[in-house]
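Q: Once you know that position 144 of the sequence shown is 144 in the numbering used here, the rest is easy, because the numbers rise by one and skip nothing.
Take the hints with a grain of salt, since some may be wrong.
Dumping the calculated DSSO-like pairs for lysine-lysine here, alpha-carbon to alpha-carbon at most 27 Å [claimed, not checked]:
hint, residue 1, residue 2
1, K58, K42
2, K31, K4
3, K58, K4
4, K42, K31
In case anyone wonders, no lab produced these hints; they're calculated from the structure.
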Amino acid sequence: MDLKEYLESTALQVDRLLNRYFGQAAGELGKASAHLLMAGGKRLRPALLLLSADSVRKGSSIDVMPAALALELTHSFTLIHDDIMDADAVRRGVPTVHTRWDEPTAILAGDVLFASAFEFIALADAPDNAKVRAVSMLARTCVEICEGQHMDISFETRDDVLEGEYLTMVEKKTGVLYAAAAGIGAILAGGNPAHADALYNYGRGIGMAFQIQDDIIDLMASAKVSGKDRASDLREGKKTLISIKAREKGFDLSEYQRE
Numbered sequence: 001m002d003l004k005e006y007l008e009s010t011a012l013q014v015d016r017l018l019n020r021y022f023g024q025a026a027g028e029l030g031k032a033s034a035h036l037l038m039a040g041g042k043r044l045r046p047a048l049l050l051l052s053a054d055s056v057r058k059g060s061s062i063d064v065m066p067a068a069l070a071l072e073l074t075h076s077f078t079l080i081h082d083d084i085m086d087a088d089a090v091r092r093g094v095p096t097v098h099t100r101w102d103e104p105t106a107i108l109a110g111d112v113l114f115a116s117a118f119e120f121i122a123l124a125d126a127p128d129n130a131k132v133r134a135v136s137m138l139a140r141t142c143v144e145i146c147e148g149q150h151m152d153i154s155f156e157t158r159d160d161v162l163e164g165e166y167l168t169m170v171e172k173k174t175g176v177l178y179a180a181a182a183g184i185g186a187i188l189a190g191g192n193p194a195h196a197d198a199l200y201n202y203g204r205g206i207g208m209a210f211q212i213q214d215d216i217i218d219l220m221a222s223a224k225v226s227g228k229d230r231a232s233d234l235r236e237g238k239k240t241l242i243s244i245k246a247r248e249k250g251f252d253l254s255e256y257q258r259e
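Build the full structure now, drawing on both the sequences and the hints.
A: Structure (structure tokens):
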């Protein structure tokens, strides 16, 4: 099985479990919480966690599947809150949660997923001390994601953002969740600190590369392909590697931004 086949197979497994837990969500808050989860997705973070676990102890991915769901819940909670802050109307080809419901409901839906992620970590078939380490890593990761999002927002009012600042923001906003996926997989599978650290750093690099690619897709791909509003980053004044390099070359992007 090559990587593409593995990712497709893993996505199907994750989708089945998400449907089991969230497919029949009751009440408006439950439905809002499940909205983006049920809209599909590549499920890359769960796949990275499972790959990491199997690299430490072959076959352990079965034991840590609940933790893989935890990473997808965490990712979904950040998307719900990001869409509110960015005023985006479409995500994964469906209306964003705050558009389909309202902002207070969307905030609470994200909070539900955030809290539920830690519950799913606890459901993994792993020693308690490993689950404590995994919970600690995920908690620290969520703080860093918030720091990265705050940097991203603060950059919108600046015209002097440097490439190094952008990379720090991307590391926090996106890189650390991929890092946590790989690190938590190693921890729950029984890996030693050296294993966990190596896989954590590997995941961080993947996450940063993914975000840079996502910035390109946001600008170049149609809404049908990307599943979200085209060039939303540009309209919101987001500082991406694209806009930073454009500024360095003397391009004025202000005419493309929302008033």
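Q: Measure nothing beyond the straight line between the CA atoms of K42 and K31; if it is 27 Å or shorter, mark the hint as holding.
A: holds, 21 Å
Q: Take a quick look at whether K31 and K4 sit within 27 Å of each other, Cα to Cα.
A: At roughly 31 Å apart (the allowed maximum being 27 Å), K4 and K31 break the hint.
Q: Verify the proposed pairing of K58 with K42, using a straight-line Cα cut of 27 Å.
A: Between K58 and K42 the Cα gap is close to 23 Å, so the pair holds against 27 Å.
Q: If you draw a straight line from the CA of K58 to the CA of K4, is it 27 Å or shorter?
A: holds, 19 Å
Checked against the numbered hints given earlier, the structure breaks only hint 2 and satisfies all the rest.
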